[in-house]
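S.K.: Spelled out, the chains give:
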Amino acid sequence: MRLPEFSYVAPRSLAEACTTLEEMDGKAAVIAGGTDLLQPLKEKLKRPHYLVDLRSIPGLDEISYDPKEGLTLGAMVSLRHLAASRVVKQTYPVLAQAALEVATAQIQAMGTVGGNLCQDSLCLYYNRSAASKKGLELCLKAGGDVCHTVKGSGKCWATFCSDLAPVFLVLGARIKIVDKDGERVSPLAELYSGHGRRPLTLKPGQVLTQIMVPPVTGSDGAVYLKLRLRQSIDYPALGVAAGIRVKEETQKIAVALTGVEKKPLLFEKELARDQTIGEDVIRVLAEQAYAQAHPLNNLRDFTPKYRKEMVPIYVRSALQQALHWGGQ
Amino acid sequence: MNSNQSFITVGKSPLRADARDKVRGKGIYIDDMRLPGMLYGKVLRSQYAHARILMIDTSEAERLPGIIGIVTGEELPFIHGESFPDEPLLARGKVRYMGEGVAAVAAVDEETAEKALGLIKVEYEELPALFDPVAAAAPGAVRIHEEMESYKGKPLVRPVKGTNILNHVQFERGDVNQGFAQADHIFEDTFTTPAQQHCSIEPHGSICLIDKDDNISLWTNNDSPYRCRIEIADALHIPMTKVRIISAPYTGGNFGGKGGLKAEACAIALAWKIRNVPIKVLYTREEEFCSSIIRHPSVIKIKTGVKNGGTILAREVTTYWATGAYAEKGPTVSRFGGISSAGPYNIPNVKINGYLVYTNTPVAGAMRGYSGPQTSWAYESQMDIIAAKLGLDPLELRLRHVYQDGDIHTATGQIIHAEGLKKCLEEVAVRMEWQGKTLGPNQGRGIACMERAVKTPFGSAAFVKVNEDGTVDILSSTTEVGQGSETILRQIVAEELGVPLNAVRKATPDTAYTPYDASTTSSRSTFHMGNAVKIAAADARQQILQLAGKLLSTDPVNLTLADGKVLDKENPVKVMPIAAVLGQSYGSSGTVLGRGYYFPEMPEGQETYFSSQVVFWLLGAHGIEVEVNRRTGEVKILKVYAAHDAGKAIHPDNVKGQILGGISMGLGYAAYENYEFKEGNVLNPSFLSYKLPTAVDMPGVVPVIVEQEHQDGPYGAKGVGETTNVPLPPALANAIYNAVGIRIKSLPITPDKVLAAMQERGEGESQ
Chain A
354 MRLPEFSYVA PRSLAEACTT LEEMDGKAAV IAGGTDLLQP LKEKLKRPHY
404 LVDLRSIPGL DEISYDPKEG LTLGAMVSLR HLAASRVVKQ TYPVLAQAAL
454 EVATAQIQAM GTVGGNLCQD SLCLYYNRSA ASKKGLELCL KAGGDVCHTV
504 KGSGKCWATF CSDLAPVFLV LGARIKIVDK DGERVSPLAE LYSGHGRRPL
554 TLKPGQVLTQ IMVPPVTGSD GAVYLKLRLR QSIDYPALGV AAGIRVKEET
604 QKIAVALTGV EKKPLLFEKE LARDQTIGED VIRVLAEQAY AQAHPLNNLR
654 DFTPKYRKEM VPIYVRSALQ QALHWGGQ
Chain B
475 MNSNQSFITV GKSPLRADAR DKVRGKGIYI DDMRLPGMLY GKVLRSQYAH
525 ARILMIDTSE AERLPGIIGI VTGEELPFIH GESFPDEPLL ARGKVRYMGE
575 GVAAVAAVDE ETAEKALGLI KVEYEELPAL FDPVAAAAPG AVRIHEEMES
625 YKGKPLVRPV KGTNILNHVQ FERGDVNQGF AQADHIFEDT FTTPAQQHCS
675 IEPHGSICLI DKDDNISLWT NNDSPYRCRI EIADALHIPM TKVRIISAPY
725 TGGNFGGKGG LKAEACAIAL AWKIRNVPIK VLYTREEEFC SSIIRHPSVI
775 KIKTGVKNGG TILAREVTTY WATGAYAEKG PTVSRFGGIS SAGPYNIPNV
825 KINGYLVYTN TPVAGAMRGY SGPQTSWAYE SQMDIIAAKL GLDPLELRLR
875 HVYQDGDIHT ATGQIIHAEG LKKCLEEVAV RMEWQGKTLG PNQGRGIACM
925 ERAVKTPFGS AAFVKVNEDG TVDILSSTTE VGQGSETILR QIVAEELGVP
975 LNAVRKATPD TAYTPYDAST TSSRSTFHMG NAVKIAAADA RQQILQLAGK
1025 LLSTDPVNLT LADGKVLDKE NPVKVMPIAA VLGQSYGSSG TVLGRGYYFP
1075 EMPEGQETYF SSQVVFWLLG AHGIEVEVNR RTGEVKILKV YAAHDAGKAI
1125 HPDNVKGQIL GGISMGLGYA AYENYEFKEG NVLNPSFLSY KLPTAVDMPG
1175 VVPVIVEQEH QDGPYGAKGV GETTNVPLPP ALANAIYNAV GIRIKSLPIT
1225 PDKVLAAMQE RGEGESQ
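Protein sequence lines, in the order shown, are assigned to chains A and B.
Heads up, the first sequence is in my numbering, so the first residue is 354 and it goes up one at a time.
Heads up, the second sequence is in my numbering, so the first residue is 475 and it goes up one at a time.
No wet-lab data here; the hints were simulated from the structure.
Quick caveat: nothing in here was measured; it's all calculated off a predicted structure.
A portion of the hints provided could be inaccurate.
[Stated by the list, open to error] Derived CB-CB ranges, DEER-like:
(1) Leu538(B) - Lys399(A): 18 to 28 Å
(2) Asp531(B) - Gly412(A): 33 to 43 Å
(3) Pro1173(B) - Lys399(A): 51 to 61 Å
(4) Lys533(A) - Arg526(B): 49 to 59 Å
(5) Val503(A) - Arg1235(B): 27 to 37 Å
(6) Glu358(A) - Ile704(B): 23 to 33 Å
(7) Ser417(A) - Arg508(B): 43 to 53 Å
(8) Lys395(A) - Lys628(B): 37 to 47 Å
Glycine is no exception: its CB is placed at the ideal position from the N, C-alpha and C atoms.
Required output: the full structure, derived from the provided sequences and hints.
M.R.: Quick look at the structure:
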């Protein structure tokens, strides 16, 4: 399969990129590493007239750490760079580990942090070429009227499968979004719409430029566990991140899930700093996660029943490991 | 036998002839070939599993600039197929599976051709479709080929009139009912297997040029040029010598998938209409999955009667093979499956029924193992079910029943010889310390073996041409599809002629110049073509000695060849390089051309059809150690031990490569690969969602080469590569049973299945 025709735009600045994107009014797509974009283009699932390449804009691929500001990652930092960065490994090794869980070494080399967070959601009925999809009625995500996964539901149930999103969520990350009117900072969770068809809240002309993670304290801990059929390439059939963030007075225990809903799911619990995180807390979080995880028969691997059964097992395991890492 | 003879290159592992080219990206494949004025073809494919074609309107597509021509099935009144011709070049009248070619377009470039496909309008009337072979075999089921009775198949194909069953395979020996009556225990189990795709790195591709007199030149990555030639000539009703098949220099993987007419059919369809211009068709990966070929999904019912103490008295096997929309190699797959359905075991009473059934799914045909993966999944799983019930050692049960030299093969009635299977089992048992090794908690081990016939009787011919500089060209129609035949044939010729390996080249097959060969399939090349080139080399050797005798004034019987030289055995002073002999002789004495032909001798009075007698058996055994996670159902393979009988390994590293590759493919079938079908749609026609095991999923493998020399093989060698994948799935299932006591009867074995089975037994630990 070949790429369709498109015009390639290489803006020199963010302002130029935002203006171009807005002017194209939905006919343009942002390209960063391209790993989540080129295959759907070849399959004619998306037909943007313009590709706006962020690689030509300087300064978007930097990693820095400041004890007060925390870790700042440019959206164009490659997954390989994230995995290899000394600063990242010293502050949030879970990010380096999660980056290595994404797809393959080749995709890690091309794919970016921003691209991973902004990846499209997946569905067996959608991620096939336009030609091969002709046999079934066009689904909502492909511009049609039906959902083959949940028949008669009238909405798209494509699953969001980023490996990095749950990790950044449990770390309390915020994101910077730029458009021609300026920039705004918001919690990462606000990036996600919860809609299968369009999983992101970004509007045309808006670009994710930075991810900011709060400063580490001594007893923070976080892990990411991934369920998949193969030890490489696969998207998560379930991904669970767990993190403990200790503040002055309190500690926050967070669990986030990917691969089981239209958006990443976040569950948090705040306790007094000196309170022991016991079985009761773990149970509550595992039960919440189990209740809200909604795996469907739209990914290739494992039955939905199995993936749901794995949720509490993975949540417990992730929390226990995070507590261990956090020294509790 | 040559067991004590010392060889110069046979039995060594020299660098493969194709290694440097391939590693450097210099290998030429069909997609690298561009002919002057070449057009590009694309195929519009059916969007229904079963439907009548009411109308095809190509007018708008024809007006697109850059479109040279469009052809539909109605213009092509031809059907093709190796043993049961039933498949049109493009659908005629109706479509029988989703992905079937309906119309083809030739354009100046691929983009234009692809664009034109979107402008062709087709009206269909949908028909009820059948996806399950058991349902499709039922009397009264909708007919997928209403005209089946008019098809002219080979005698071995036995359709059942008025049904979707195009071949009923039967073998019977003894009296199973009596055997069951005498048995103390009856075991009845049903096993199922899914579709699998070859996933060759290189897709199917062909370039076809047809002139006004119907002379056809076809450049292709087909595995078997001569078989391809006759299939085309028969389909088009033209003399076969009007068809010239030229192999691409290299083929990027075959595994049985590149036989028959795939891209060939599309390129021929276009070139038949658009004459005097070469037209290339290269499949996309999606076409590979949906429109090329798959392994037969199967349902296997196996019933076995056993005495107390474990003697197997009777076995009855009924198999449904889903052959998809067209016969392809189905008749011979089901026949081989029938031959070996009861397993490689001495069982006095056996009854085998195989039903090859049309279904509205992608066409199934040849794939590595060619029925072996399905049959062994059933009989080897059941062997362990029997052993467990009777408290017997699974290895012991097998060793007690496995064929040995002099035994009579159940299905064929043939006397067994050169049977290395017992040795394979014993080698695996020794390596995995079957006796004595203690495994940890939740760990288990399993063993499984297999047999499969090589296709018999078929011939292979070769020429060995010795050039005036002393170098040698092998003219043979064996294709190099990655299996390593090029190197093995060169080794044999170098050995026979006493010349260095690098003085021997193997020509790319071309039916205009390289002689007949039945096919590069069934792991038959080392044995059949190996014999042919060995005979041809011996012929050339005699010719060289004759020439040298004249030049050295010596009786040729005193001369021998070694190290690229002619030597006088009695007078060491008389030495002459072969190059000098040939250099001085050419011109005056003509050419040195050795001829060789091999056709296996079969006992007289036997039925002569396809593999009623088998010239050699493919044999192997696998042992697997696993650890099962009781909470998640995940199975970790700790080690695979794989022993295969090569007769004599001409190139041991290549045999090991075949074993490792086979393990990877067997592992895919066992634990990863599957087609997700939805009403005939393939939902996972890409590497995103069709899961091949990756390099990091490969377990540690201990490959063992068993060498039970075959009396008719070159240096005792026989084929080995085709079935190195076969025993893995049942060995894995047996190991899982050994570890946690659950029996999986449907492939692939995935963690969700394992966990569900443990939960059913009340053993899971899930919340």
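S.K.: Holds or violated: 27 to 37 Å for the Cβ distance of Val503(A) and Arg1235(B)?
M.R.: 32 Å, holds
S.K.: Measuring from beta carbon to beta carbon, are Lys395(A) and Lys628(B) in 37 to 47 Å?
M.R.: The hinted range 37 to 47 Å holds for Lys395(A) and Lys628(B), with Cβ atoms some 42 Å apart.
S.K.: Kindly confirm whether 49 to 59 Å is satisfied by the beta carbon distance between Lys533(A) and Arg526(B).
M.R.: 56 Å, holds
S.K.: Is it true that the C-beta distance of Glu358(A) to Ile704(B) lies inside 23 to 33 Å, as the hint says?
M.R.: 44 Å, violated
S.K.: At the C-beta level, are Ser417(A) and Arg508(B) separated by a distance inside 43 to 53 Å?
M.R.: Holds - the Cβ-Cβ distance for Ser417(A) and Arg508(B), about 51 Å, lies within 43 to 53 Å.
S.K.: May I ask you to test the hint 33 to 43 Å on the CB atoms belonging to Asp531(B) and Gly412(A)?
M.R.: 55 Å, violated
S.K.: Is 51 to 61 Å right for how far apart the beta carbons of Pro1173(B) and Lys399(A) are?
M.R.: 39 Å, violated
S.K.: Quick one: are Leu538(B) and Lys399(A) within 18 to 28 Å, going by C-beta?
M.R.: At 23 Å between Cβs, range holds.
Going through the hint list in order, the structure does not satisfy hints 2, 3 and 6.
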